[in-house]
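When you line the sequence shown up against mature numbering (1 follows the signal peptide of the UniProt record, and there is no 0), it's residues -18 to -1, 1 to 303, in that order.
Hints in this document: simulated from the structure, not taken from any laboratory. Careful, some of the hints might be misleading.
The calculated lysine to any residue pairs, modelled on SDA-like cross-linking and capped at a C-alpha distance of 25 Å, are [said to hold, decoys possible]:
id, residue 1, residue 2
1, Lys128, Leu90
2, Lys290, Ile76
3, Lys36, Gly260
4, Lys126, Gly143
5, Lys36, Phe176
6, Lys272, Gly59
7, Lys290, Gly59
8, Lys290, Phe267
9, Lys36, Tyr282
10, Lys126, Glu98
11, Lys126, Ile97
12, Lys126, Leu169
13, Lys108, Leu169
14, Lys36, Ala265
Now the in silico label distances, taken between C-beta atoms and shown as ranges [unchecked claim]:
id, residue 1, residue 2, range
15, Tyr271, Ala43, 51 to 61 Å
16, Lys108, Ile195, 41 to 51 Å
17, Ser201, Val57, 20 to 30 Å
Note that the Cβ used here is the ideal one computed from N, Cα and C, for glycine as well.
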Amino acid sequence: MTRTIFLFMLLLSAFVYAENKHPVNQIQYETIEPLKQQYIRPRAIINTAYDDFKFSSRKGALFNNYSGHNRYIAVGGDDLNFGDYLAGFNFFNIRTNNTTWSHLNVSLSQSSLAIENNGLYVHVMKQIFSPLFIDVFASYGQNKFKLDNTVYGNTIDPLPGYSQYSGTNSLAGIRTFFGYAYQHFYLQGDLTYFYSNFHQRTYNIIYPNQNTIVPALTSRIGTFLENARLYYQVNEYFSPFISGGLVQLASRNYSRRLIDQNLALISSLPQLLIGRTGYRIGAGFNFNYKLLRITPTYFYSERSHNFKDNYAGITFEFIGV
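Generate the whole structure from the sequences, applying the supplied hints.
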C-alpha cells in the first residue's frame, strides 16, 4: 500500500535527527517533525484500479494468446499504532475476465474465464534502524471461476463446454523501505519478496457428448520486486512522482502438468507461461487537502517480449478517521 509522504517524513527524519544537531539539520527537523506527527495518524483507505493485460505467443502454425482485465477495489485502514509497530489491513474484491485463443494441436479452442476473488490483506511495519524499515505482509482470498470453453475440431459444429469451480489463493512476504532526501526531491527504494500459493480444486467441463475432468492444481511462485520512486514536493498540497522497477520470478512450481502429456512431447509448442523477468514503469501524484489525500497512478509493465500490462488506479485516504 502506498504511504508516500508518511514514509518519507519518517525516513527523512532519521537522517536529520541527532543529539547535537547542525543548525541546518535543526531547521529541517523542526519542519519535518510536525508533518511526521500528522502523517503517522491512522487513516481509512479506499483503493480502486483497472488493469488490462495481453499475452501473445506463436511458433509456426501454433499459437497461444490471451487477454483480459482486472477490476480491483479495496477498503481498509492503515498506520494503526501498536507500540513500536504500524499495521494496516484491507478487504479486497478482484474481478477478472480473460479470453483465450489457442491452437496447440489439430483443434482450435476458445475459452472465456470469469474469476471473482474476495480476500483480506494485512501488514505490520517497524523501523529496524535508521533509515531502514521492514514490512511483513500476508493475504488470503477465495476464488470463484466460471468457464466457457469451445473446441473447434474436425467436425462442422464446434463443441461448447461449461464449468463452475472454486479455489483459494494466499501469499506472504517481506518488504524493506529506505530513502534519501535532497532539497525538494525524495527518493524511495524498496526490495520485496513474496511467496504465493494458488489452489484450484478438481472440476468438470461439461460438453454435450461427455464430461472432461480437470484435476486439482496447486501453483507455488516466489517473486522478487525491486522498485525506486522519485518525488518532487511542489508545495504542501502537490507532489508528483515517477517510478520504475524490476520483476524476477525466483521459483515456479506446479503440482501437475499444465498441459496434456502428448502435447508436452511437441517440440514446436509456443510459449505457454509468462517470462520470469520483466520491468515496470509509471507515474502519479499525491494531492493533499486537509485530511484528504488523493493518489492517482499509472503503470506499464512487460514480462519477456510477449506479455504487456497497463494499470491505472486511484487511492483515497482519509487521515485521522
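* If you check each hint against the structure, which ones fail? -> 7 and 12
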